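S.K.: So you can see what is in the structure, the chains are spelled out below.
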Amino acid sequence: MDKLDNNILLLRLQERFGEVIQNQDIPYGLLTLETDEEHIIEVLEFLKKDEELQFIYLTDITAVHYPEKELSIAVVYHLHSFVNNIRIRLKVYINGVNPEIPSATVLWKGANWMERETYDFFGIQFLGHPDLNRILNVDDMVAFPMRKEFPLEDPNRVDKKDYFFGR
Amino acid sequence: MANSITKITPNKPVYNDNDPQDDLITLNLGPTHPATHGVFQNVLQMDGERIVSGVSTIGYIHRAFEKIAEHRPFYQITPLTDRLNYCSSPINNMGWHMTVEKLLNIEIPKRVDYMRVIVMELARITDHIICNGILGVDTGAFSGFLYLMHEREKIYEIYEEICGSRLTTNIGRIGGFERDINERAFEKVRAFIKRFPAVLDEFTKLFDRNRIFIERTSGVGAVDTATALDYSWSGPILRATGLDYDVRAQEPYSSYEDFDFDIPVGTNGDVYDRYMVRNEEMRQSLRIIEQALAKLEKEPKGVFHADVPEFYLPPKEKVYNNMEALIYHFKIVMGEIETPKSEVYHAVEGANGELGFYLINDGGRSPYRLHFRRPSFINYAMYAPMSSGMLLSDAIINMSSLNVIAGELDA
Amino acid sequence: MNDIKLGAAPPGVEGAGFFATSLDKVIGLARANSLWPLPFATSCCGIEFMATMGSDYDLARFGAERPSFSPRQSDMLLVMGTIAKKMAPVLKQVYVQMAEPRWVIAVGACATSGGIFDTYSVLQGIDEIIPVDVYVPGCPPRPEAILDGIMRLQDIVKNESLNRRNTPEYKALLEKYGIQTNNS
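Protein chains in written order, with my numbering: chain A, 1 to 167; chain B, 1 to 411; chain C, 1 to 184.
I should point out that these hints are in silico values taken from the structure, not numbers from a laboratory.
As the structure is a prediction and not an experimental result, all values here were calculated from the model.
Where hints are given, some of them may not hold.
Stated by the list, open to error - Across the chosen pairs, the derived CB separations fall in these ranges:
id, chain 1, residue 1, chain 2, residue 2, range
1, C, D148, A, P27, 47 to 55 angstroms
2, A, E15, B, E49, 53 to 61 angstroms
3, B, D22, A, D131, 16 to 24 angstroms
As the list claims (entries may be wrong) - Covered stretches of chain B (in silico footprint by chain A; criterion: 3 or more residues with CB under 8 angstroms from a CB of chain A, positions within the stretch not fixed):
id, segment
4, 62–74
5, 244–251
6, 334–348
7, 353–359
8, 367–373
Said to hold, decoys possible - DMTMM-like, lysine to aspartate or glutamate: derived pairs with alpha carbons at most 20 angstroms apart:
id, chain 1, residue 1, chain 2, residue 2
9, A, K69, B, E70
10, A, K161, C, E128
11, A, K148, B, E66
12, A, K109, B, D224
13, A, K160, C, D118
14, A, K160, C, D127
15, A, K49, B, D230
16, B, K341, A, E34
17, B, K188, C, D56
18, A, K48, B, D224
19, C, K92, A, D139
20, B, K102, A, D25
21, A, K161, C, D127
22, A, K148, B, E70
23, C, K176, A, D159
24, A, K160, C, E128
Backbone N, C-alpha and C fix where the C-beta goes; we use that ideal spot for every residue, glycine too.
Work the whole structure out from these sequences, hints included.
M.R.: Put into structure tokens, the structure is as follows:
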């Protein structure tokens, strides 16, 4: 069998999923694919459990906020296959008003805290998550700080003179 | 935007202490505790000395690094990365620089790679010194820690020669180093690698076959590889379970493929194995530094950065005299350089595991999104499930051996 | 050998087997040379404190032999590292639990003023919630700077009046922070 590289990996995924995988790209050698939230758990499960691919390691789950796009939040999964020494990146674009996506905790227990962090920063509801609470910010915060409209600095600060900061 | 999101549920663990049938007590292993190495809290439900269940709360030092990074130019993010795993800051700095170099397709000369390897391996040694020293302190043995802290001072002196700072180093620039490593620094490195093995032997003699230490640590917190992979563990604690995943060997960066080193692996994944793996990794780091010094002899002297005038600041003397240098200086500082609009993920082997940088660039001065894949955060997630059923003293030792650094945990 | 200065005794009357001076000088001397720290180490400055406590810079020479994490048994609160807004109530609680006389040193830029982290989640200086006696700047400050901060505190302690904690100014200071005092 040929050593698994990005092209063969893409071929396998397209054979299995066809239209569900879109917008493939290989920036800096890392195969990046897009799919949608109905199929993401299927795709992740296939990648994890397939005997040839063996993407058993979930490297990270995070999200990006694109306010100017229609589906403004992208949830990004990075997976790693030790046996084949290859990584893959999956993106799911969901709408920003009420972002919901099934939780990956059914496949990896490590996704628990990664999804909590993503929820804390972006407000994405991970359906089926056992304990979706804030993890890094204060518990009674209502806004989601990593969204682009949230300001970096504390607006209630009184001792900072705008004049010295060029404002 | 916030109105359409469902109500946040409060995150406070509630154990009912008023139930007369319930013999369990709630113990707050709070954010300020001498045994927790940093500010994180565990609310434990205890049956006498045994933990029944626990809830971890973190975020007591959340400094919003990822949000700050969206407002800073690339070269100003390096001091932020310092403060992630502040016990081994050069590794974070180098990892960030390599991420940006990958984005910009900058080719780094071999000499710079070898100098980076020396600095990163010294940083790995400092981090393992702290972890194993504090593990000793937590089991009640203070002297070993003092011996090793003196060695850490020696490494601080080496950092001071290279970059001026002891702890939060901000070493290097995108494209290499800010100045050549001078001969005095190399002498100090050679003196260090001659001296350190004896000190490490003295330290290990105190603990390796010490009956008290073995009884405290052997069998505590044993984890098998399948569970560890399920929780996305990486670094020495994963290698202690038996899997030899090391980013330096799997996906070599900064010319690690030119070096000959072993990856120590444990068997049980308990605290004793993690301690032994870290000790052996320190010895392997010394081996790598020796090889790097030998390889540096063969490289042309004086090369300390890549030849990329668009991204590497020209020397100040030229800026005041030469028009081209002035223009480059202006463009780099004001962020008017063309950068590819793309995304890159780069991982380095931090002292705690796979430290990853996910950078999305939109061509502007600052990243569009920068996410740090922090090993301490991901490793610590298993702590609360792992400690149910343990004695409290074992749970404390287990926490020490995970080497959770609060800066990297909360970012 | 010539530039070693012995600590000066306070002015007083000396005789065969006795030395008489004012009470506040003696108490000040005793307190200043046995300040027991409560190391409230949150981040990077905490590692520099570990280096200060280590054998190279030895904090124990200054009387701080017993770093205790128990607020009731310590004299000075060394806040080292960034205090986030989530941590602020914990810090205030620890300060309130300390027994008088108590002093606070803010070590590092983050404890002094928020440091480089001008964000929504970081408290911009611990003097927003507790009164601070000495500020040690640096990011992180060198161990020599931390020792200098402790020596400045020793000067404050030596020269403090015994009645300071009962004066209306001190009570007003604690009122400003919303901290109750029991000496009413």
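S.K.: Is the straight-line distance between the alpha-carbon of K92/C and that of D139/A 20 angstroms or less?
M.R.: 18 angstroms, holds
S.K.: Between D22/B and D131/A, does the C-beta distance stay in 16 to 24 angstroms?
M.R.: Cβ of D22/B to Cβ of D131/A: about 22 angstroms, so the range 16 to 24 angstroms holds.
S.K.: Given the hint of 53 to 61 angstroms, is the C-beta distance from E15/A to E49/B inside that range or not?
M.R.: 56 angstroms, holds
S.K.: Measure nothing beyond the straight line between the CA atoms of K49/A and D230/B; if it is 20 angstroms or shorter, mark the hint as holding.
M.R.: 13 angstroms, holds
S.K.: For K176/C and D159/A, compute the direct alpha-carbon distance and say whether it is at most 20 angstroms.
M.R.: It holds: about 16 angstroms lies between the C-alpha atoms, which stays within 20 angstroms.
S.K.: Please work out if K188/B and D56/C have their alpha carbons no farther apart than 20 angstroms.
M.R.: 17 angstroms, holds
S.K.: Is K160/A within 20 angstroms of E128/C, Cα to Cα?
M.R.: 14 angstroms, holds
S.K.: Straight-line Cα separation of K69/A and E70/B no greater than 20 angstroms?
M.R.: Since the Cα atoms of K69/A and E70/B sit roughly 18 angstroms apart, the hinted pair holds (cutoff 20 angstroms).
S.K.: Run the distance test for K161/A versus E128/C: straight-line Cα separation, threshold 20 angstroms.
M.R.: Holds, because 17 angstroms separates the two Cα atoms, which is no more than 20 angstroms.
S.K.: Keeping to a limit of 20 angstroms between CA atoms, is the pair of K48/A and D224/B held or broken?
M.R.: Since the Cα atoms of K48/A and D224/B sit roughly 19 angstroms apart, the hinted pair holds (cutoff 20 angstroms).
S.K.: Does the structure keep K148/A and E66/B at a Cα separation of 20 angstroms or less?
M.R.: 12 angstroms, holds
S.K.: Taking the beta carbons of D148/C and P27/A, is their distance inside 47 to 55 angstroms?
M.R.: 51 angstroms, holds
Violated hints for the displayed structure: none, as all numbered hints are satisfied.
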